[in-house]
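J.: Protein chains in written order, with the numbering used here: chain A, 431 to 816; chain B, 431 to 816; chain C, 431 to 816; chain D, 431 to 816.
Hint data in this document are derived by calculation from the structure and do not stem from the laboratory.
Note that CB positions come from ideal geometry on N, CA and C, so glycine has one too.
Any given hint could be a false lead.
[Stated by the list, open to error] Which residues of chain B face chain C? A partial, calculated answer using Cβ under 7 Å:
(1) S636
(2) L637
(3) S640
(4) G682
(5) E725
(6) A736
(7) L793
(8) G797
(9) F800
(10) Q805
Here is how the chains run, residue by residue.
Number of protein chains: 4
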Amino acid sequence: MTDYSPTPADRFAFGLWTVGWRGVDVFGGAVRPPLDPVEAVTRLSELGAWAVSFHDNDLIPFDADESTRDGLISRFRKGLDDTGVVVSMMTTDLFGHPIFRDGGFTNNDRAVRRFALAKVLRNLDLAAELGAPIYVLWGGREGAESGGAKNVAAALDRYREGMNILTGYVRERGYDIKFAIEPKPNEPRGDILLPTIGHALAFIDSLDDSELVGLNPEVGHEEMAGLNFAQGIAQALWHGKLFHIDLNGQHGPRFDQDLRFGAGNLRGAFWTVDVLEGNGYAGPKHFDYKPPRTEDIDGVWGTAAACMRNYKILQAKVRAFRADPEVAEALAAARVPELSEPTLAAGESLADLRAEPVDVAALASRGMAFEHLDQLAMEHLLGVRG
Amino acid sequence: MTDYSPTPADRFAFGLWTVGWRGVDVFGGAVRPPLDPVEAVTRLSELGAWAVSFHDNDLIPFDADESTRDGLISRFRKGLDDTGVVVSMMTTDLFGHPIFRDGGFTNNDRAVRRFALAKVLRNLDLAAELGAPIYVLWGGREGAESGGAKNVAAALDRYREGMNILTGYVRERGYDIKFAIEPKPNEPRGDILLPTIGHALAFIDSLDDSELVGLNPEVGHEEMAGLNFAQGIAQALWHGKLFHIDLNGQHGPRFDQDLRFGAGNLRGAFWTVDVLEGNGYAGPKHFDYKPPRTEDIDGVWGTAAACMRNYKILQAKVRAFRADPEVAEALAAARVPELSEPTLAAGESLADLRAEPVDVAALASRGMAFEHLDQLAMEHLLGVRG
Amino acid sequence: MTDYSPTPADRFAFGLWTVGWRGVDVFGGAVRPPLDPVEAVTRLSELGAWAVSFHDNDLIPFDADESTRDGLISRFRKGLDDTGVVVSMMTTDLFGHPIFRDGGFTNNDRAVRRFALAKVLRNLDLAAELGAPIYVLWGGREGAESGGAKNVAAALDRYREGMNILTGYVRERGYDIKFAIEPKPNEPRGDILLPTIGHALAFIDSLDDSELVGLNPEVGHEEMAGLNFAQGIAQALWHGKLFHIDLNGQHGPRFDQDLRFGAGNLRGAFWTVDVLEGNGYAGPKHFDYKPPRTEDIDGVWGTAAACMRNYKILQAKVRAFRADPEVAEALAAARVPELSEPTLAAGESLADLRAEPVDVAALASRGMAFEHLDQLAMEHLLGVRG
Amino acid sequence: MTDYSPTPADRFAFGLWTVGWRGVDVFGGAVRPPLDPVEAVTRLSELGAWAVSFHDNDLIPFDADESTRDGLISRFRKGLDDTGVVVSMMTTDLFGHPIFRDGGFTNNDRAVRRFALAKVLRNLDLAAELGAPIYVLWGGREGAESGGAKNVAAALDRYREGMNILTGYVRERGYDIKFAIEPKPNEPRGDILLPTIGHALAFIDSLDDSELVGLNPEVGHEEMAGLNFAQGIAQALWHGKLFHIDLNGQHGPRFDQDLRFGAGNLRGAFWTVDVLEGNGYAGPKHFDYKPPRTEDIDGVWGTAAACMRNYKILQAKVRAFRADPEVAEALAAARVPELSEPTLAAGESLADLRAEPVDVAALASRGMAFEHLDQLAMEHLLGVRG
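Bound-form chain A, shown alone (with noise of 0.2 Å):
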């Protein structure tokens, strides 16, 4: 049988407030203890991970002094440099303290703007000094649950300032980090700034220094407005901009279930794998997924191994999918190939193809054999072909 353990080959990478969630919901308080962060660092690097992605404040409390914050920091370096494991991504906590009621980039309150625009500076020297790659936005609290309340037009403009001067700032300091914004639809706000990856991109366009700056799309975000994933972030990497992931679960429009990366939507999870694995995707393979709130400590490693698994077992998959001559003959049976050649033939004239006479009737009554490549892929996933 087919070993699936993760390596760090596989950049395999977790955020701490994951396997460090302790349950707390709207309706429930905390069920786990919590989590030292050089814990999770060491267990993870045990189960294959290859790296871990934090909040500032997932490390160091809101309200740590300079020593405390300088102890910790130290403490959690020399747990990275035990295990060898990395940070692939840093990011900050904009969300969670009570300042940040109405966000932070884009809150109707100037003076906790830039209170947010202070903390994320900061952070991004941590981040230069943790040699984190990526830094992510995730403005969960920016939008609003009521019409007035916003001026979206503001807003934006809000946010890119906001951007624009973290760029500047990294140009500035010569930092080698990008920046990933990630979508959400809603929750915990009514409604969300940037709720999908479409408006994210479109915004990101608005940029001053655009090319710094990129998606981190989640798949559980996307599903909550019911879109397809894997279509969304194949656009994505049709814009250039897939600089990060966040894998995870989903039942469809509903609350934010972040479960562990397979359950929800699978089929949904091949064709997300099969995006990736297929276009050229380098960057790390981030889970963002919350161990349910039933399980104890070994739930929480046993749902960090099993995301991984999961994705190297779909990976397996996809690649035996797409090198099945059957598939190749379905493929083209679908015409899939056909859609990469230009409707337009290299020098032809519009009035080439108007004079063109077309068989209507003909090309009206062909099926495009759509079931039958689905089919396919259907059997590689539930394992009974090959």
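Mind docking chains B, C and D on chain A? Use the hints.
T.: For chains B, C and D alone, coordinates are given in the frame of chain A:
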């Protein structure tokens, strides 16, 4: 009591396919007789509409020969001349005929793509002839039911190729026509290629002549993805891309309901009108709805009138809301105007910002007073103020 | 202008946990200080509320000893006596403490089920002592994230066992208490056992003493499943089972928003009030909402007042709608009253029915005139009639 | 490799309208020629199906005269006899013709209700003649788009009246036929009267002869409401009401997709088969799907074969999962069997229960080990175990 009767100055427009919808759905056949386009123009004019829009095949059957086509067009022009109704938009039917089962511009079948392109080109000539300033592209069949059937990158390449051809053609002919892409997440395809306002905005940025291309967002299409329509069009306006709009009603994620404007999410309709009225939108107020299959022809005209009337009622309410001094106070209390102030002062350095002392506890305890503001909006909507 | 000030005669009630919600969610901590239950009672009374409801642990901490418990209860009773506020409903917290991570009555762990049962029994004594006529059961943690974790048949057996024990206990003690089950489709569990009004109604029919058990439907819970709340409660009333109600606001399938009543689906709120006012519902008008996390304590009291005010505004509109002669005509034109006539005449045989000639074409061409009726309702709601 | 070829012993059945769907939707016309019902029976038989089902108008045009009707029926019977295919279910088309624009049994128009009833009665005679043991009622047009249009209590009265007439008729004639109600939340109506399994179960309890009436739940219909289908049918089985089933695929809340079984929510399909196989369901495994409009007739037969094949693949996996000793251990660790033990011991009093000391801290710290169990299921599904 206020007069909500529409006049051409209101710039209300209707698709011929709206009042002309005969009620065919997946589960049943036509319930209403065919509606003569000239009759539609005449009746809409009597109701106060300013303009109509149409797909080529709303006017001209797919298989019509040249002389039939010419006859239908000249009869239609006469109808326009007789009433003063203008054509505010034209579009192509690339979804009804079986030849388009896999779409038009992104059909896997190159011959179909070529046919689709020729069909649009021909209708651009007609649009120019009829003086339609906007040409809409709704890619309802551009999509897929399964992950293998569509190479998204190739599909976007082809879509871009198609759009570049169209903008080139319009430039070459000197037509005064702009294009508006209409996003939709799904239905009739499992997943549609440009599912939201955001995805379409990002795609437009990739085009050769992107200034000629904007958006035609539809209320129900965004709400089918659970997205906030008013926020969406505010973002489109911020990007300078709200070229046209499709107003109707929907009850969240489910089939495309195309209810009359106001039905469905009424609070959303209030904020939609608020965004349109408050941000200089000067395009048509175009209704793309379907008179429910329960209605006879009287119900058709009743719903058309109600679309316009509901807009005017909401317009009056939005104006009263924005003029209300207590609302101004509530906006100030919610610090909404403060979001328009840059976060950084002119000339201020990031070092200054970072050195600034912040009273976190004080900021964290300040409420945003959003609910009071929203309740004022609610009471204007309900007509219990002013 | 009409006076919409509430009085105890309106029978408005609030859960202590509503105004007392401190804003803890999955992504952030408390934003408001604890609210003293007696202060809540006093302020709600001043605003015009008639009653309060509570979970045991809204008043008494989970770990309180006997004397603390007694002290809290007697202080609370004094608060009630001082204001005249009554307890209209009590319920048990079987979801907050980690012991209930897999629910109460349907927890896989028998020891937890026993603990849950004892917790409810004890609180039934308190409910009786405080004169609460309704005891609500919201099984928010009764569910599962995955298919193997829960044997649904066994879970329903245990739920029934629990309910039978409770009804038996109440009979035995002679308490004048009825039970109301509150359905919810998901959140915090992936899928909750009794997800809708319908599932709960069917379950109740299976109980030993089903006349003691009815429903407590919540607006947002049904709308999270995309269901029509007004239709749902009309169905519950038809079954004689609308024992209690939770009024709030929601924007369709997404996380549980618990907005103030009126916010979210306003047209739905109109029809909800129409059903309550027109079908003899005599129970409390109970608000189960959460003042958004953006608000401080002033916003809390403002939203509480707005819940009641919005109900009264809608009540006035519903009454005007039902009293409007044009509405009566429109109802007749839509043949709404005709639906109350039996389909078969008294004494008519099926043979007679089948022999009857039918003018299919005539019947098929008759429109239902539903849109005109709905537009009249819309205009009453918007305050542009009468 | 395992043989997944279906045989009549598998009891697979198809609606004639499934393979016969010509692809008409709201946005386009037919893409496939009409399919002769006898051809459908023959081809389905060759593929291994056991039975077919149909609406009256799948076989007999709405306007057919007596002799046409008789000819079609006898030709169809011959097709059945020639192949050995049986009719496992019959149903009435009360939704396609414009006369049913407001439904059948709950149409506001009494004359239409009477016509609908006569239509069903006539087809019950045919069902008896053809030996169909189940008669399905899908009330797709029984509903409303707006709150005033339908008096829900009256509609339920009429629906009940209709069902009581039908059960009375079947008793009187001595037909061996049971009825199965098929719930659906919406589409084609804005909201349908019996939207979920639960609502239909509760309605059935209100009937005069409820033992003759059960459910025909459809995968996609429940998933359109975001509900867990496997949990839903487990609940229907618990009530003794799973009389029939409609298997297909869907991607959550959106239009009714009717994908082939397995497509859409594959993990849900696994648990669906697990419930069917593990709880003694002996009815037909009936597919109600639509071969996508992209397909020609080869795609139609391919998808029909795939529905059955996917069921058999999942059946084999479910059996292996339930037979796996490690799964048994994981179930025990998750305390799943413990849920079948009564919460109260035989003879135990509530006083005993309440007096029992509980180690809350110990119980609260125990994880449920659900994720390990679910990962085992996942690996069986993916074919990477055993």
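J.: Does each hint fit the structure? Answer for all of them.
T.: Comparing the hints with the structure gives:
1. A distance limit of 7 Å between C-beta atoms decides the matter here; for S636(B) the minimum to chain C is near 31 Å, and the interface restraint is violated.
2. Taking 7 Å as the C-beta cut-off, the interface hint given for L637(B) is violated, the closest approach to chain C being about 33 Å.
3. Evaluation of the S640(B) hint against chain C yields a violated restraint, the C-beta minimum of about 33 Å exceeding 7 Å.
4. Interface hint at G682(B): satisfied, since its Cβ lies 3 Å from the closest Cβ of chain C, which is below the 7 Å cut-off.
5. The interface hint given for E725(B) holds, since its Cβ lies 5 Å from the closest Cβ of chain C, which is under the 7 Å cut-off.
6. Using the Cβ-Cβ criterion of 7 Å, the hint placing A736(B) at the interface with chain C is satisfied: the shortest such distance is roughly 5 Å.
7. Nearest Cβ of chain C to the Cβ of L793(B): about 12 Å, over the 7 Å cut. The hint is violated.
8. For G797(B), the interface hint holds, since its Cβ comes within 7 Å of a Cβ in chain C; the closest pair sits about 3 Å apart.
9. Hint on F800(B) holds. Least Cβ distance to chain C is approximately 5 Å, under the 7 Å limit.
10. Because the smallest distance between the Cβ of Q805(B) and any Cβ of chain C comes to about 5 Å, under 7 Å, the interface hint for this residue holds.
Checked against the numbered hints above, the structure breaks hints 1, 2, 3 and 7 and satisfies the rest.
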